[in-house]
Every structure is written in C-alpha cells, then in structure tokens.
Amino acid sequence: MSFANVTLELLSGFGMTCLLFILTLAFALPLGLIICFGSMTKFKPVRYIVRGFVWIIRGTPLMLQLFVVFYVPGMVFNTPIFAPFGDYGRFVAALIAFVINYACYFSEIYRGGIESISKGQYEAGQVLGMTKGQIFFKIVLKQVIKNIVPPMSNEIITLVKDTSLARVIAVADIIFKAEEILSLKALIWPLFYAGAFYLIFNGLLTLLFRRTEKSLSYFHS
Amino acid sequence: MKKILIALVAVLIIVTASVSLVACNNSKSDYEYIKNKGTLVCGITLYEPMNYADDEGEMTGFDTEFAQAVCEKLGIEAKFQVIKWSSKETELNSKYIDCIWNGFTVTEERKQNLDFSQSYLSNKQCVVTKADAVATYTSAAACAGKRAAAEQGSAGETAANELTTTVTAVAAQMTALTEVKSGNVDFAVVDIVLANQIVGSGDYANLAIATGIDLAGEEYAIGFRKGSDMVEKVNAVIKELLESGKLEEIATKYGLQGQLVK
Amino acid sequence: MAYLEVRNIRKSFGSTEVLKGIDFDLKQGEVLSIIGSSGSGKTTLLRCLNYLETADEGQVSLNGDVIFDANTIKQESSDQIRTRRLNFGMVFQQFNLFPQYTALENVMLAPNQVVPSILKAKKAEFKIQYEDLPFIERTRTINREVRKYRKYLLDNNKEMAKELLTRVGLHDKMGNYPCELSGGQCQRVAIARALAMRPNILCFDEPTSALDPELTGEVLKVIRELKETTNSTMIIVTHEMEFAKHVSDKVIFMANGVVEEAGTPKQVFDHPKSEKTVAFLKKAVEDTEYEEIGAVDNV
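Chains as they are written, first to last, in this note's numbering: chain A, -6 to 214; chain B, 543 to 804; chain C, 304 to 602.
None of these hints come from the bench; they were simulated from the model. Heads up, some of the hints might be wrong.
Unchecked claim - Under the rule of at most 16 Å between Cα atoms (straight-line distance), these lysine to aspartate or glutamate pairs were calculated in the EDC-like manner:
1. Lys423(C) <-> Glu448(C)
2. Lys426(C) <-> Glu448(C)
3. Lys570(B) <-> Asp771(B)
4. Lys621(B) <-> Glu600(B)
5. Lys178(A) <-> Asp745(B)
6. Lys666(B) <-> Glu761(B)
7. Lys788(B) <-> Glu614(B)
8. Lys125(A) <-> Asp382(C)
9. Lys377(C) <-> Glu360(C)
10. Lys775(B) <-> Asp657(B)
11. Lys586(C) <-> Glu545(C)
12. Lys553(C) <-> Glu564(C)
13. Lys637(B) <-> Glu148(A)
14. Lys577(B) <-> Glu607(B)
15. Lys666(B) <-> Glu704(B)
16. Lys476(C) <-> Asp372(C)
17. Lys804(B) <-> Glu760(B)
18. Lys476(C) <-> Glu521(C)
19. Lys775(B) <-> Glu614(B)
20. Lys465(C) <-> Asp382(C)
21. Lys112(A) <-> Glu440(C)
22. Lys178(A) <-> Glu590(B)
23. Lys621(B) <-> Glu148(A)
24. Lys135(A) <-> Glu408(C)
25. Lys788(B) <-> Glu600(B)
26. Lys178(A) <-> Asp596(B)
27. Lys637(B) <-> Glu614(B)
28. Lys178(A) <-> Asp597(B)
29. Lys131(A) <-> Glu408(C)
30. Lys430(C) <-> Glu448(C)
Chain A extracted, bound-state conformation (with noise of 0.2 Å):
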C-alpha cells in the first residue's frame, strides 16, 4: 500500500474525526450553558437532579457512555433505535454521546466562571437599573470568557483526541482506519502518521486559542 493510498484511508478517516470534533463542539458548548444554569439554579429538585446528573456523566468514562448510548436500546428495549440513521447510525450515537459528556464537562467550566465574577460586579449592574439579562450579557459574559479560555482549551484538545474512542462502536474515524491497514496490510506506520494529523490539528488550536487569549488580555478582571 503506497504512501498516496494511506494518505487518502486516513484522510477519509480524519474527515469523520473533524465532523466529530466539530458537531460535538456546536452542540455541547450551547447544551453546557443550559446544563451550567440548572446546576446553578435555586430551584432545589432541578438543581439536584442536574448535579446527580452531571456526576454521572463525568464519574463514568465516556467509553462505556458510547455502549450504553449505542446498545442498551437495542438490548433493552429490542429496538436498535439507530438503526434507521442507516450508514451514519453510529456517527449519530457517537455524537449523541459526546455532546452530553462533554457538555457536562463544559458546564462546570461555565459554573466555575461565572462564580468567579465578583458580586460587585452585578451590584454595580443592578444599582444602574440594568435588568438581569442587561448584566450577564453586557457585564459578566465577556469577564467569564476571558476566565474560561484556559480551561476551555485544555478540554477542546482533549475532545480533539477523545474523539478517537467512537471507534468501540464502529465509528470509521483516522484511528478505525489506521488499526484497518493494520489488521489488513500488516502495516503499523500508519498508526503513528495518523498521530501526526492530531499533532497539526492540535497545534492549529493552540494558535487559535492563544489569539483568543491575546485579545482578552486588555483588561483584568
């Protein structure tokens, strides 16, 4: 198997791997803002219900939430409810996972900063006659963006790795199809150029992520 014909297996398998990392992240960013605000919620049974919840999702590694997702319903219930996604049935599960792991993972991020803004921050709003919405919007969020794109970046690039774990169900992604030239052409460098492909993607984060903290860097909260 020649260099040009891995190069393109693997690239089929990258393709998956990005949609992965790029659906996760539209859906679970947004979700995790939710997530964040029933957790912080004074509404006592949502509040636990929401913490209960989220305890779960990162107390328990995201491999077996991949084969509760994808199989319990079909054991269970003896529907594989996936079934009728055809071909894209374990991309859409594996998703479906991600989102909800990653989401709680993000929810904490928010928590921890928004509880990071001082309470002389909304009392200045409130003294003004702004509404709540005017002072989450204009005051906090930008200060707790700035708080969270460190810890944010370290989970994104960890999402960028995980991703590769869609494959205990069948997920084609870069790392599938390099264990496939493996198992079928006994070749094992293309494990490790399928390394390289995380490494670029990666450091094209890093670059990304360090722009974004640059340009928060004017003010100090």
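Following the hints, complete the assembly by docking chains B and C onto the known chain A.
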C-alpha cells in the same frame, strides 16, 4: 446526600429490573424478523481472505461470497457491517447485526451465549515468533517458560495457556503479533488463516510461523443470537450449497478448498 | 415634610439584628455623613436604601411618595424595583468598574441600555405622526427617523459621559481601561458612572477606604465639588472625620444598629451628647495621629 443515594439506588433497581424483564421476553422468531426487513446484517472486520475490499473498493472474500450465496437462496440481501471485534456479542444482542460471519471460531464458551451454524471451515492456531528465533521452536515443549501473547477470549489464548505459563491477553490478534515484533513477548498464538496472510509481509516481515508445532484444530461457523431459528434455515442452505459444489467453487477461488468441512 | 424620609428600618441576617429601627430625614441638596465603627450597620443601611438588601421592616419615602415598604415589597415586580432604585446612585468601596470597558464606556453603558425602550416608544409616536403616508414610504420614513433618533440618543449619552468625566477631572483618561487607572481615578470614574443615570440621591459606601492615603484627597475633592457646583443630595458612609465635619450638613453616628446621635457636624463633633460618640471620636483622632506619625517615619 442521603436523598441522592436513595434516588441513585432506585434508578439502579429500575434499570436492572427492566433489563432482566426484557431478557426473558421472547418476541417473534428471528427468521421472521430478518425476512421482514429483507436484509441479513453480517458483523465483520476487514480481514483477508474472509471479508475485504478489492482494488475497486468492492466487498469480496470467501465469507462475503458465501454469505451472498446463502442469502440469495433465502431470498434476502446480505449486508456487511464493519464492527469492533471486541463488541461483537453486544452488536448481535442489540440487533445492530444479525450474525457474526467472519472466520468465527467455535468455542464452548461462545456456545453458551450464542448459537452456531454448522461448521464450514477448519482452522488451526499457530505459533508465530521472530524469524531469527523460529528455528528454536521445534516442538510444543520449546514454548515452555517463554512469554506469550494471544487475543483475549480467543482459541489462541486457550492454546497459549497450555504451552506456557506467562500469557498476555491483548485486545486483538494483530496486537499479539505487534507484541512479538516489539520484543515484549517471545511468541504469539493466532489463527493460521490470519498468520498466512500477515506474517512475513509488510512490517511483520521479520516474523515467522513455527511450522513444527501442531496445535489442536478448530472450526469456523456463523454465530447467531441464542435461540435463533436462523440456524436451521442457514444450515439447510449450506447443505444445499455443499451438494451442488457451489461452496467448493468459492473456497477454491480463495485457496481454502483444503480446509472446507464437508 | 422632608425630601427623604426613612422610618423604622430593621434588618437581620439570620439571628443577628444588624439594623434595629433606623429613622432619619434629609432635605433636598443636603449632604448626610454616616459615621460609626465597623459592624455598626451603616453600610447595610445604605444597601437597604439601594435595594441591594431588602429590609425586614420599615418605609422609605422620597418627595412624599413611598418608594419602599417592607410589607409590600414582595409583591412588586423586578421592573418596578428597577425603576425605583434609579432614585439612588451608588458608589462602592471597591469601585466595581466593569474591567472590559474603557472609562467612557463604563459611564455610557447604563444610559445606552435604556435606548431601545425609548426608541420603541418613539417609534409608536412616529407611526401616528406619519399615518397619512402610503405604507412603503411610511415604513421607510419611520425607520429613517428611528435611526436618526437612535444616533441622536447615543451621541447625547456620549457627550454627557464626556462631560461627567471632565467634571471629575478625567478628560484625558476617557479611553483608558480600569486596569490602567489608579485607585483614585477608578473611584472618580465610578462617581461619573453613578451620575450618568441622574439619581436624585447619590450614595457613597466608604468611597476612600480602598485607596492609598495619598489618593483619598482627589476623590474627596470631587465629592466636595459636586456639593458646591450642583447642589446634589448625598449620603456618605465614611471614616474620614475631617471630611465629614467640613462637607456635611448633617451627621449621623451609628452604633450597634441604632442611630446613637444625629445633628449638624458642629453638634456631633464638637458637642457630642452620647458617651459612645465621645469614645468613638477620641479613638478616631488617635488613629489619625498614629497614621500621621507613621507617615512621617516612612519619610
């Protein structure tokens, strides 16, 4: 905190109860279910010469053609779903696949959890070592005291345990070969069909099969869900294909005619 | 009838009663200083006036209107409270400037938030005004007029903010972020910000306590100028006895959640009746002297 614990225990009980309830629940027959949807989904991993893509990217291989021939007779379509081999039973029980048809070795343990069709190919396990050390592996006794690797839960693991005391169980047969190549273990026990394909080629060029060691034989069959009536339907078709000489024809195409179980 | 009437304000945190029935009156244009040791409840009183804490009992009325009643406050919507709290401006001990905005943006922020609701009302006015025009032309005209009015309002706010910052002596720091300003400059921005919503009464919560001693002067000067030039009504919680003595029209000495002594600066500082007041003032003088000796030593 106490409330959370109580809620948690309640959830666990409900989940366990519903799982066990459904486990006893037998719905309509498996054959009807498959016939209704018109496709037999075969769980496979890409594996030459059983199931693999040819140069045009078309699925081919002995098991591929065999499955297509059987399904044709049953009036359904064969579909091939690449799975993670370690999850094959889960895939089967959660109904994402309908059978495991991929050079699947019959073992006593597996028989407890799923039903096999009649065997169609005989297979052997073999010992693979580094090429420069293979000369010393003349008999089973030479393996004693050496470090071995084999796929977890495979027939190879059982065989390796009989040969030596230190056996590392790894996730896949390919990993077992990589263990040998990297020098972590002295030999691996894997399927001869796989070894013939891999050993001596590509990155595994410096490995060799110890031909002097003869391990117990075993057989390949198709795995179905426990209690499935697909077994008798498929067995009848296999018999037909054997009688008509069709199966032999396919086996010959892939150089497996010597291993065919008649 | 006084401008501001505070009656029987009580507030407890858990089992600790912090305010045990506070009463006082204030005339328009008067400056009230509230003094007292830490924990006497003076900051809590100020926070109750600003609705940052909800008093358990009592009433507050301004210009004859009841603007706070502990019995009915629970039934009021957050919008009603929001409108009412604009009667008061607040300058915090810790400034609480918004770090991501420049000095100018800090001052403009709150007035600019009101712009959309003003525009909404204005749009309704325009709809009536241009009723006779054909539909498309009417929509176009209204949209153009609304845009024009929006720009006018925003420009207006900007001008006002610039004026306020100039008044507190920061005309050359308008584009600076809070982290680039000294504590004294930050507190002056905070004063300008509080003035931007045109409060009837401006409250200061220990405005110089977080400042280095050499920076307190500039902030006190701004407050003094506000009194002299605009005749603002102000309530100042402070530890600066000299300042309270010279700027205020009225002084309240609080101890253990009650008004221990109230009167003109002359009455409270020069002829205190209560023993507690005497002890407090004596200690305050000693502390100041000690500080001054320390300052000399450092030189």
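Outcome of the hint check:
1. Lys423(C) <-> Glu448(C): 12 Å, holds
2. Lys426(C) <-> Glu448(C): 9 Å, holds
3. Lys570(B) <-> Asp771(B): 10 Å, holds
4. Lys621(B) <-> Glu600(B): Given pair Lys621(B), Glu600(B) holds - Cα atoms ~13 Å apart, limit 16 Å.
5. Lys178(A) <-> Asp745(B): 9 Å, holds
6. Lys666(B) <-> Glu761(B): 8 Å, holds
7. Lys788(B) <-> Glu614(B): 13 Å, holds
8. Lys125(A) <-> Asp382(C): 10 Å, holds
9. Lys377(C) <-> Glu360(C): 12 Å, holds
10. Lys775(B) <-> Asp657(B): 13 Å, holds
11. Lys586(C) <-> Glu545(C): Holds, because 14 Å separates the two Cα atoms, which is no more than 16 Å.
12. Lys553(C) <-> Glu564(C): Since the Cα atoms of Lys553(C) and Glu564(C) sit roughly 11 Å apart, the hinted pair holds (cutoff 16 Å).
13. Lys637(B) <-> Glu148(A): 34 Å, violated
14. Lys577(B) <-> Glu607(B): 20 Å, violated
15. Lys666(B) <-> Glu704(B): 15 Å, holds
16. Lys476(C) <-> Asp372(C): 41 Å, violated
17. Lys804(B) <-> Glu760(B): 14 Å, holds
18. Lys476(C) <-> Glu521(C): It holds: about 15 Å lies between the C-alpha atoms, which stays within 16 Å.
19. Lys775(B) <-> Glu614(B): Judged against 16 Å, a Cα distance of about 13 Å means the pair holds.
20. Lys465(C) <-> Asp382(C): 29 Å, violated
21. Lys112(A) <-> Glu440(C): Judged against 16 Å, a Cα distance of about 49 Å means the pair is violated.
22. Lys178(A) <-> Glu590(B): 9 Å, holds
23. Lys621(B) <-> Glu148(A): Answer violated: Lys621(B) to Glu148(A) is near 38 Å, above 16 Å.
24. Lys135(A) <-> Glu408(C): 14 Å, holds
25. Lys788(B) <-> Glu600(B): 21 Å, violated
26. Lys178(A) <-> Asp596(B): 13 Å, holds
27. Lys637(B) <-> Glu614(B): 21 Å, violated
28. Lys178(A) <-> Asp597(B): 13 Å, holds
29. Lys131(A) <-> Glu408(C): At roughly 11 Å apart (the allowed maximum being 16 Å), Glu408(C) and Lys131(A) satisfy the hint.
30. Lys430(C) <-> Glu448(C): The hint holds at about 11 Å.
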